[in-house]
Amino acid sequence: MKTSENCINRNYLNYVKSVCPKTKEKRSLFRAFLVGGIICSIGQAIRLIFESLLGLAGDELAAYVSMVMIFLGAFLTGLGVYDRIGKFAGGGSIVPITGFANSVVSPAMEFKTEGYVYGVASKMFIIAGPIIVFGVASSVLVGILYFIGYRIF
Amino acid sequence: MVWETIFMFLKAFAVGGAICTIAQLLINYTKITSGKILVSFLLAGIVLQAIGVYQYIVDFAGAGATVPISGFGYLLAKGAMEGAKESLFMAITGGLTSAAMGVTAAIVFGYFFALICKSRSKKN
Amino acid sequence: MTRTIFFKNQPRIVGTSSVAGPKECAGSIKEYIQTKLENDDYGEKSFEKAESRMLYTAIKNSIINAKRKEDEIDAIVAGDLLNQITSSTFATRNFSVAYLGVYNACATFTEALTVGAMLVDGKYMNNVVCATSSHFASAERQYRYPLELGCTRPPQSQWTVTGAGSCVLSANGTGPKITCATIGKIVDYGVTDANNMGAAMAPAAADTILRHFKDTGLSPSDYDLIASGDLGALGSRILKDLVWEKGVNLEKRHVDCGELVYNLIESEFQGGSGAGCSSLVFSSYLYTKMKEKKIKRLLLVATGALLSSTSSQQGESIPGIAHAVSMEV
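Chains as they are written, first to last, in this note's numbering: chain V, 1 to 153; chain Y, 1 to 124; chain L, 1 to 329.
If you're looking for bench data, these hints aren't it; they were derived computationally from the structure.
Treat the hints with care, since some could be wrong.
Stated by the list, open to error - Only pairs whose alpha carbons sit at most 30 Å apart, straight line, appear in this in silico DSS-like list of lysine-lysine: (1) 123(L) with 87(V); (2) 36(L) with 118(Y); (3) 185(L) with 17(V); (4) 85(Y) with 26(V); (5) 8(L) with 296(L); (6) 45(L) with 123(L); (7) 60(L) with 36(L); (8) 112(V) with 118(Y); (9) 240(L) with 185(L); (10) 118(Y) with 22(V); (11) 22(V) with 214(L); (12) 67(L) with 122(Y); (13) 31(Y) with 185(L); (14) 240(L) with 17(V); (15) 87(V) with 11(Y); (16) 246(L) with 22(V); (17) 26(V) with 118(Y); (18) 31(Y) with 22(V); (19) 30(L) with 123(L); (20) 36(L) with 112(V); (21) 185(L) with 67(L); (22) 60(L) with 22(V); (23) 87(V) with 291(L); (24) 294(L) with 24(V); (25) 123(V) with 11(Y); (26) 30(L) with 118(Y); (27) 30(L) with 246(L); (28) 45(L) with 112(V); (29) 123(V) with 118(Y); (30) 17(V) with 11(Y); (31) 185(L) with 112(V); (32) 24(V) with 11(Y); (33) 36(L) with 289(L); (34) 122(Y) with 87(V); (35) 17(V) with 177(L); (36) 67(L) with 296(L); (37) 246(L) with 17(V); (38) 49(L) with 123(V).
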């Protein structure tokens, strides 16, 4: 049986590469920097407000800031604005925590037509699931390594 | 005081923007999808915190380092590392405990907005 | 090995109808489209239901345009892009007519035409409807990402056409006749980028076109127009290069349905794609031009990229296919 390995026509693939249009490098980098910076500045502003008005500090402050940012990301996704921002900004709106919220809300909204249990609830993490999986798994790894480290040294 | 605040914003803007620019470079040069970008930045945050670097970036840039998804990784690793000082139980649960707000917010807001909003088709 | 079928009785295309979404209706073929939708969801609850209704509308109107009655139709040959071709199945559920579901991704339309023409040419049936559809939102959901996910589209990507086209083939009546059809074979050069379907399908299109000229003894100058299905701007360029290497010059005769549909900016995206792309353009613009005798001989080569989201996740390359149907007034 033919597999994809022995189908490969190297000359053709190189030729395709040469005629393929490229992403506009400078423009995309500038936009990513701009939008990413703006989103982080909004985070900083929320941080400042919580710090001065509610007197929060440390981890609690960081947690509330990320909650508000996730809310904003989810809200803009619900309004149908976040995909527009994403089209403009590329990496600039994927990497901030608002992008994480977007990747949770967008499939949840999309699969609403399949019902609220097997649609919304189960499809919610089709994109963001790996983040939780890898995040929690590697935090456990880090925790155990440090635990062993503290006991030995 | 005012200058300090403005400087703080500038630092957040610059560091946050720089992290996003690295992501854009990855998008431009590799055929990586948005899910994989999120995962790799999260892992980068965890590793950087585990070797003790990310804390300095957070102290320097504030939200510029905590708002990107690598900040989420930082939070997970930090929780686990602090828990490790206490007991094995805390070492295992510490990561998710400190990231609990983020995960809970994503689930609750995600479900809520999916209930009230409908996805729309787009024209471009 | 025979790949070209010559139709002795030359079935005629007696009527067509097209349905298209708002983006397509703002494009360059807008005045030829029969049913223009203001909204992508067509008043239905889901985009899949909307696609199905679009196909239903197209089939129904094409029967009316062909001045046939529903009970005169012997069979419907239809297909679309969704899993288990549900759009076609649910659309034809409303007709009590024999149904053949076909799937060749975006090449489904010429496949349907070939099957339909064989049924009519062999005098097994008198009137056969051939129809296909695709919908941007339902295809996006099945093959790519949720609509609201903020990700960028790479410049080589194409846009799935929201549209449906249907035509009625008949043993008698007036209209362009189908003279021959060349059935494509699967050509896979190892392209794995699911965003670059033009590059994956162009070799198949080149193979089918070259084979067609070899089997029929014709050359590009015998045709007024050679319309490829949905190669897009990039794929068309690759196709022209590939056939030029073999000594055939398509430059002056070639047009791509995917390029025709939208007013495109080539650096941003490459044009339309999808099973509905060639059927929409054919049953609106090209059919009208053939009726007006502006185009006397047409070679329609719809191209398909036969991938699934599972196969591309498993790292398989994208097999391409193209079927050619030759028509003349």
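Evaluated hints:
{"no.": "1", "hint": "123(L) with 87(V)", "verdict": "violated, 53 Å"}
{"no.": "2", "hint": "36(L) with 118(Y)", "verdict": "holds, 23 Å"}
{"no.": "3", "hint": "185(L) with 17(V)", "verdict": "holds, 24 Å"}
{"no.": "4", "hint": "85(Y) with 26(V)", "verdict": "violated, 46 Å"}
{"no.": "5", "hint": "8(L) with 296(L)", "verdict": "holds, 19 Å"}
{"no.": "6", "hint": "45(L) with 123(L)", "verdict": "violated, 41 Å"}
{"no.": "7", "hint": "60(L) with 36(L)", "verdict": "holds, 15 Å"}
{"no.": "8", "hint": "112(V) with 118(Y)", "verdict": "holds, 8 Å"}
{"no.": "9", "hint": "240(L) with 185(L)", "verdict": "holds, 19 Å"}
{"no.": "10", "hint": "118(Y) with 22(V)", "verdict": "violated, 34 Å"}
{"no.": "11", "hint": "22(V) with 214(L)", "verdict": "violated, 36 Å"}
{"no.": "12", "hint": "67(L) with 122(Y)", "verdict": "violated, 36 Å"}
{"no.": "13", "hint": "31(Y) with 185(L)", "verdict": "holds, 29 Å"}
{"no.": "14", "hint": "240(L) with 17(V)", "verdict": "holds, 16 Å"}
{"no.": "15", "hint": "87(V) with 11(Y)", "verdict": "holds, 26 Å"}
{"no.": "16", "hint": "246(L) with 22(V)", "verdict": "holds, 28 Å"}
{"no.": "17", "hint": "26(V) with 118(Y)", "verdict": "violated, 35 Å"}
{"no.": "18", "hint": "31(Y) with 22(V)", "verdict": "holds, 12 Å"}
{"no.": "19", "hint": "30(L) with 123(L)", "verdict": "violated, 36 Å"}
{"no.": "20", "hint": "36(L) with 112(V)", "verdict": "holds, 27 Å"}
{"no.": "21", "hint": "185(L) with 67(L)", "verdict": "violated, 36 Å"}
{"no.": "22", "hint": "60(L) with 22(V)", "verdict": "violated, 43 Å"}
{"no.": "23", "hint": "87(V) with 291(L)", "verdict": "violated, 42 Å"}
{"no.": "24", "hint": "294(L) with 24(V)", "verdict": "violated, 40 Å"}
{"no.": "25", "hint": "123(V) with 11(Y)", "verdict": "violated, 37 Å"}
{"no.": "26", "hint": "30(L) with 118(Y)", "verdict": "holds, 28 Å"}
{"no.": "27", "hint": "30(L) with 246(L)", "verdict": "violated, 36 Å"}
{"no.": "28", "hint": "45(L) with 112(V)", "verdict": "holds, 10 Å"}
{"no.": "29", "hint": "123(V) with 118(Y)", "verdict": "holds, 15 Å"}
{"no.": "30", "hint": "17(V) with 11(Y)", "verdict": "violated, 39 Å"}
{"no.": "31", "hint": "185(L) with 112(V)", "verdict": "violated, 39 Å"}
{"no.": "32", "hint": "24(V) with 11(Y)", "verdict": "holds, 27 Å"}
{"no.": "33", "hint": "36(L) with 289(L)", "verdict": "holds, 19 Å"}
{"no.": "34", "hint": "122(Y) with 87(V)", "verdict": "holds, 12 Å"}
{"no.": "35", "hint": "17(V) with 177(L)", "verdict": "violated, 40 Å"}
{"no.": "36", "hint": "67(L) with 296(L)", "verdict": "holds, 23 Å"}
{"no.": "37", "hint": "246(L) with 17(V)", "verdict": "holds, 21 Å"}
{"no.": "38", "hint": "49(L) with 123(V)", "verdict": "holds, 20 Å"}
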